[in-house]
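Asker: Now for the letters of each chain:
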Amino acid sequence: MNYIPNILFAAALVLGIGYFVKNVKKLVRNIKLGQDVDVSDHKDQRWQNMIRIALGQGKMVRRPVAGILHIIVYLGFIIINIEVLEIILDGLTGQHRLFSFMGGFYGFLIGSFEVLALLVFVSVVIFWIRRNVIKLQRFWKPEMTSWPKNDGNFILYFEMVLMTLFLVMNATDMHLQEMQSGNVISQFITPLFSGMSEGTLHLVERSAWWLHILGILVFLNYLYYSKHLHILLAFPNTYFGKIKPKGEFNNLEAVTNEVKMMMDPDADPFAMPEEGVEEEVPAKFGASDVQDLSWVQLLNAYTCTECGRCTSECPANLTGKQLSPRKIMMDTRDRLEEVGKNMDANNGEFKDDGKQLLGDYISHEEIWACTTCNACVEACPVSIDPLSIILEMRRYLVMEQSAAPMELNNMMSNIENNGAPWPYNQMDRLNWVDEK
Amino acid sequence: MDQLIVKTMADYMAEGKQPEILFWVGSAGSYDDRAKKITRAFVKLLNKAQVEFAVLGTEESCTGDVAKRAGNEFLFQMQAMMNIELLNGYEVKRIVTACPHSYNTLKNEYPALGGQYQVQHHTEYIEELIQAGRLKIETSSKLNGKRITFHDPCYLGRANEVYEAPRNLLRTLGVDLVEMKRHKQTALCCGAGGAQMFKEPEKGDKDINVLRTEDALKTEPSIIATGCPYCNTMMTDGVKAKEKEGAVQVMDVAELLANAEDL
Chain A
1 MNYIPNILFA
11 AALVLGIGYF
21 VKNVKKLVRN
31 IKLGQDVDVS
41 DHKDQRWQNM
51 IRIALGQGKM
61 VRRPVAGILH
71 IIVYLGFIII
81 NIEVLEIILD
91 GLTGQHRLFS
101 FMGGFYGFLI
111 GSFEVLALLV
121 FVSVVIFWIR
131 RNVIKLQRFW
141 KPEMTSWPKN
151 DGNFILYFEM
161 VLMTLFLVMN
171 ATDMHLQEMQ
181 SGNVISQFIT
191 PLFSGMSEGT
201 LHLVERSAWW
211 LHILGILVFL
221 NYLYYSKHLH
231 ILLAFPNTYF
241 GKIKPKGEFN
251 NLEAVTNEVK
261 MMMDPDADPF
271 AMPEEGVEEE
281 VPAKFGASDV
291 QDLSWVQLLN
301 AYTCTECGRC
311 TSECPANLTG
321 KQLSPRKIMM
331 DTRDRLEEVG
341 KNMDANNGEF
351 KDDGKQLLGD
361 YISHEEIWAC
371 TTCNACVEAC
381 PVSIDPLSII
391 LEMRRYLVME
401 QSAAPMELNN
411 MMSNIENNGA
421 PWPYNQMDRL
431 NWVDEK
Chain B
1 MDQLIVKTMA
11 DYMAEGKQPE
21 ILFWVGSAGS
31 YDDRAKKITR
41 AFVKLLNKAQ
51 VEFAVLGTEE
61 SCTGDVAKRA
71 GNEFLFQMQA
81 MMNIELLNGY
91 EVKRIVTACP
101 HSYNTLKNEY
111 PALGGQYQVQ
121 HHTEYIEELI
131 QAGRLKIETS
141 SKLNGKRITF
151 HDPCYLGRAN
161 EVYEAPRNLL
171 RTLGVDLVEM
181 KRHKQTALCC
191 GAGGAQMFKE
201 PEKGDKDINV
211 LRTEDALKTE
221 PSIIATGCPY
231 CNTMMTDGVK
241 AKEKEGAVQV
251 MDVAELLANA
261 EDL
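Residue numbers (our numbering), protein chains in the order written: chain A, 1 to 436; chain B, 1 to 263.
So here's chain A without its partners, still in its complex pose:
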């Protein structure tokens, strides 16, 4: 009979982790729906970026208030996991406070966890106030209603509850209280429970312990459905993020081959491709749906935590235009999820649903409002590149549909005819020399 808690614990652990793994597999499958792209270059630079930007939170502190609070929650998350390890081992083995043999050092550890737990709690409360009381503009944009808004708050509530449970667990743990080391915060909560019998105290402690670990398992599984997924994906995302200068837009090699063919007087347009050599002509130029984007762009979409730093720097958004880089990323993720669900319902095959990312989620107006200034890319704390998605959609509109705004069509025909975006004669290019 004594083994029942252990068995229940093991079952909860297997269930919690198993379901998470199942969803991660789905996540990987969805991301792989994107076009292949070679990211095997510049390994040193990529590791450096990951260490600096994701691990070191290098870009978070550009906004000091949010940055420092975020670092506290981040450190809390990582360090308190040592305690979670102990909880798991305790749960599986039926031990209590397995690591306490470390004596003074254990006290120090618990003390650090408790201080961090309090700091995390306070930070999260400030985050909540920024969102809901101060109503920071970037959390109140049109794309931040319903689920995205609730999701943001749910995460904060989750963290508040988990931290509270952790402290209550320590406060009612007689064994820990008797050690009188490390319980630097929880000792102040202990008096709240002073009138209780030993049995009740034990019950409170066990409840807090169970709720804490079950809460962590639930939170783990919440990740897949939430913007909070960034706590995992920020790492691969910063590794695979753009390492070229921000102004360098990718070269479409399929176009290069065609242009070379057009410009080469000796090329035989009717030549058959050499045997065994597969001709690389893409199904379409640019992107109209998520499958046309690269898998790195899809990874970007899952990594986005909807903080809105991009949108709050976007010149188009700042002047009231429809474009919001954050919405571009959220739309991409929503559409990708939709495609994934479609596949789940159809034995892994995607059945045409008559919808696509461009048009049904992202409007032409948004796409054409972008000045390609890279402010969104610069602002993103986890190396997301919304601009690259906007560019792929422009490519689709222009090269597949000839659907550029009229004035841009004029500009492009000027370039074709005169070698300049304006309707001037190329022979006049040197006139400036003699003008005053």
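Since the hints were derived computationally from the structure, they do not count as laboratory data.
No farther apart than 30 angstroms at their CA atoms in a straight line, the calculated lysine-lysine pairs in the BS3-like style are these: (1) B:K240 <-> B:K206; (2) A:K436 <-> B:K48; (3) B:K203 <-> B:K218; (4) B:K206 <-> B:K36; (5) B:K203 <-> A:K149; (6) B:K146 <-> A:K436; (7) B:K206 <-> A:K135; (8) B:K242 <-> A:K141; (9) B:K206 <-> A:K149; (10) B:K48 <-> B:K7; (11) A:K260 <-> A:K244; (12) B:K242 <-> A:K436; (13) B:K184 <-> A:K135; (14) A:K26 <-> A:K227; (15) A:K22 <-> A:K355; (16) B:K244 <-> A:K436; (17) A:K244 <-> B:K181; (18) B:K206 <-> A:K141; (19) A:K135 <-> B:K218; (20) B:K7 <-> A:K436; (21) A:K436 <-> B:K142; (22) A:K227 <-> A:K32; (23) B:K184 <-> A:K59; (24) A:K141 <-> B:K184; (25) B:K184 <-> B:K240; (26) A:K436 <-> B:K240; (27) A:K32 <-> A:K242.
What the simulated footprint calls covered on chain A by chain B, stretch by stretch (three residues with Cβ under 8 angstroms from a Cβ of chain B suffice, anywhere in the stretch; the number is not a length): (28) 245-259; (29) 319-331; (30) 359-370; (31) 412-424.
Here a beta-carbon is modelled for each residue, glycine too, at the ideal position from N, C-alpha and C.
Add chain B to chain A, keeping to what the hints say.
Answerer: The following block gives chain B in isolation, referenced to the frame of chain A:
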């Protein structure tokens, strides 16, 4: 110096010589009335420093930057390949340009198509001339102590991380350089990039160039300095929209240097 000394690559070819640099004028610098003044100002500085430079003249064509950013990769690559053929034919090694859009494209996007050059923005090159002692810029009484704010062009700053060269040149002039709240990495776009120069903006509350001009006017400058012909046009329009054209000038860094030297 009224008469500019300008030779083309073809001229150098005929003489059997190579110039030190190719000055890529760009479409705006060749045709836009305001931008042509920037082109002339830069050439005056080159002439003063006795730099042997060449332009492509009537052989130059649009780099294709706007076409690429508008999504027309075909048109971009056709422009790029024609230009690369020409540049490689002349065995060009170094290119200097006063247009950050040309700069970015020549430097970052031509290599993948077979065009490898050392590319500099004119502010970087002028800084180099000064450091080499070939060009002397005195602290100018005309500009000394004047409040000047520099607007970072997106394709020079954020896109290629050139922030200091234009500022160093302004400091050389002894001006009072004041920064806008949004500057360097966080600078606001003038509103013309990504082919916006050639179309009406989408519906919104205000135009981007007006917002950016407001940023600049908050520093109470007498001059807004830029390093890009598009930014120059957009900021000039912004100053007009705020009815400040009597009090605030918009000038390229090259123009400020040329004026200071009475060129």
